[in-house]
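> Sequence:
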Amino acid sequence: MNIVIGYRDGISQPYINIEDEPSAALPGQMVINPGVLVQGKAGDPKAEDSAVQRPNYGLSRNGSILVYRHLKQLVPEFDTFLHDTVVASLPIITHPQSAQLDDEIQKRADYLGARLVGRWKSGLPVVFTPKEGNDFPVDDRETGSDPQRNNDFIFDKVNDQLDQSKCPFAAHIRKTTPRNDIPAANGERSAILRAGIPYGPEVTPDERQAKKTSYERGLSFVCYQSALSPGFVFMQKVWCNNQTFIVPKAGFDPIVGQALKDTPNPTRFMTGWDADKLESDLTFSQEFVISQGGEYFFSPSMTVLKAISRLSQLASLRHRALEFEKTRPFEVNIREVGEVSGVLWMFITQEARFEGYKGMDPAEIPQFEPGARDVHAERLLQEAGIKEYEFAAVLD
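Heads up, the sequence shown is in our numbering, so the first residue is 612 and it goes up one at a time.
If you're looking for bench data, these hints aren't it; they were derived computationally from the structure.
Heads up, some of the hints might be wrong.
[To be verified] PhoX-like mimics (lysine-lysine), calculated; alpha carbons at most 20 Å apart, straight line: (1) Lys860 x Lys848; (2) Lys683 x Lys822; (3) Lys718 x Lys777; (4) Lys742 x Lys768; (5) Lys777 x Lys742; (6) Lys683 x Lys718; (7) Lys777 x Lys888; (8) Lys888 x Lys742; (9) Lys683 x Lys777; (10) Lys718 x Lys732; (11) Lys860 x Lys888; (12) Lys732 x Lys683; (13) Lys768 x Lys860; (14) Lys732 x Lys742; (15) Lys732 x Lys777; (16) Lys888 x Lys718; (17) Lys860 x Lys777; (18) Lys822 x Lys718; (19) Lys768 x Lys848.
Generate coordinates for the entire structure from the input sequences, incorporating the hints supplied.
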């Protein structure tokens, strides 16, 4: 489970729908087609959009695009921001500090953090704990850790209009997984399968006292999708970094949203942070999750990797086929064939014929036709575990 600035994240992973297999999706879990994550399968936007259809998957067959981000997290600074924001919103305090007041401030700071993330630290959705009157809600760790309950929710509407009284429009989990705020097909199209490895130590007492990060900590984040443009890139740019998504003046995702650095005023803000003043702006003086680098990678499928590993077998077949060409009583000039996959097929076919017709009278061996199928070639491929499309995909 991902930990983002002290909050459980990664709970709302999509469930991959596999044809002819019973669904094991958890309550509230988004069900997606495998092509959203794997190229060439049902749901792959590049395969279904005729304008950009993949003509030949080749190396990309059953592969996926891997996004990596190295995310530094400033946990003491975030906690201090929550505390200071709560204190600034309180009436002028004329009586001395007390333990009771400190507890109340911490309670409100915890709720504010839950509204910014969209979940409490346990993973409990903030929509489960609406503020009622002057009483501030608290975390429910039992429900937050229960996979049968901690993801089973939608965002409320009031008079058929989007509403942020229970969860801000800009909350991290609402920006990255809008659920019923958008059409289901749009949500599936931009779904990603993500994982993260926290790094660095727990926040130390000295850091909490100094309210400043002294030791590097954060998250090594990765996610998979069949295409970047509707996946991670779309989620980051169009949702998280867009102050007008989901509604005008929603604000930036306070956790991972990034303002454009070259704008005159790159300050980030959001609304909905205060359950009693939903239109009030909250401005962020700094980023608390900082991307320190990353990259986009192609992750090939096991099918392609196995095909690549068999190239040495194919090279051996080529050598033996060439030797065979020099010694057999009938001639086939395999070097005249132009296409790589055709050449390989002829190499394999000749080798199979050599094995299959060994010991026969040359006059009884059928004439070899370039490109023709041969029962012995099929047998050799089957025994070697090589499928034609595998090596053709690798070398086309």
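> If a hint holds in the structure, say so; if it doesn't, say that too.
Okay, the hints, checked on the actual structure:
1. For the suggested pair Lys860 and Lys848, the alpha carbons sit about 16 Å apart, so the restraint of at most 20 Å is met.
2. As the CA atoms of Lys683 and Lys822 are separated by approximately 16 Å, the hinted pair is consistent with the 20 Å bound.
3. A hinted pair counts as satisfied when its Cα atoms are at most 20 Å apart, and Lys718 with Lys777 qualifies at roughly 17 Å.
4. Pair hint Lys742 plus Lys768 holds up; C-alpha atoms about 16 Å apart against a cutoff of 20 Å.
5. A threshold of 20 Å between alpha carbons decides the hint, and for Lys777 with Lys742 the separation of about 8 Å falls inside it, so the pair holds.
6. A threshold of 20 Å between alpha carbons decides the hint, and for Lys683 with Lys718 the separation of about 26 Å lies outside it, so the pair is violated.
7. About 12 Å separates the Cα atoms of Lys777 and Lys888, which keeps this hinted pair within 20 Å; it holds.
8. Between Lys888 and Lys742, the direct Cα distance comes to roughly 12 Å. Compliance with the 20 Å bound is thereby established for this hinted pair.
9. Among the hinted pairs, Lys683 with Lys777 is inconsistent with the structure: their alpha-carbon atoms are about 29 Å apart, more than 20 Å.
10. Among the hinted pairs, Lys718 with Lys732 is consistent with the structure: their alpha-carbon atoms are about 13 Å apart, no more than 20 Å.
11. Our distance criterion of 20 Å between C-alpha atoms is met by Lys860 and Lys888, whose separation comes to about 14 Å.
12. Using a Cα cut-off of 20 Å, the hinted pair Lys732 and Lys683 holds, with the two alpha carbons roughly 18 Å apart.
13. Distance restraint check for Lys768 and Lys860: the Cα-Cα separation of roughly 17 Å lies within the 20 Å cut-off, and the hinted pair is therefore satisfied.
14. Restraint check: the Cα-Cα separation between Lys732 and Lys742 comes to about 17 Å, which is no more than 20 Å; the hinted pair holds.
15. Taking the CA atoms of Lys732 and Lys777, the gap is near 17 Å; set against the 20 Å cutoff, the hint holds.
16. Distance check on the hinted pair: Lys888 and Lys718 sit about 18 Å apart at the alpha-carbon level, within 20 Å; holds.
17. Of the supplied pair hints, the one linking Lys860 and Lys777 holds, its CA atoms being roughly 17 Å apart against a limit of 20 Å.
18. Annotation: proposed proximity of Lys822 to Lys718 holds, straight-line Cα distance about 18 Å (limit 20 Å).
19. A C-alpha spacing of about 25 Å is found between Lys768 and Lys848, which places the hinted pair above 20 Å, so the restraint is violated.
Violated hints, in rising order: 6, 9 and 19; the structure is consistent with all others.
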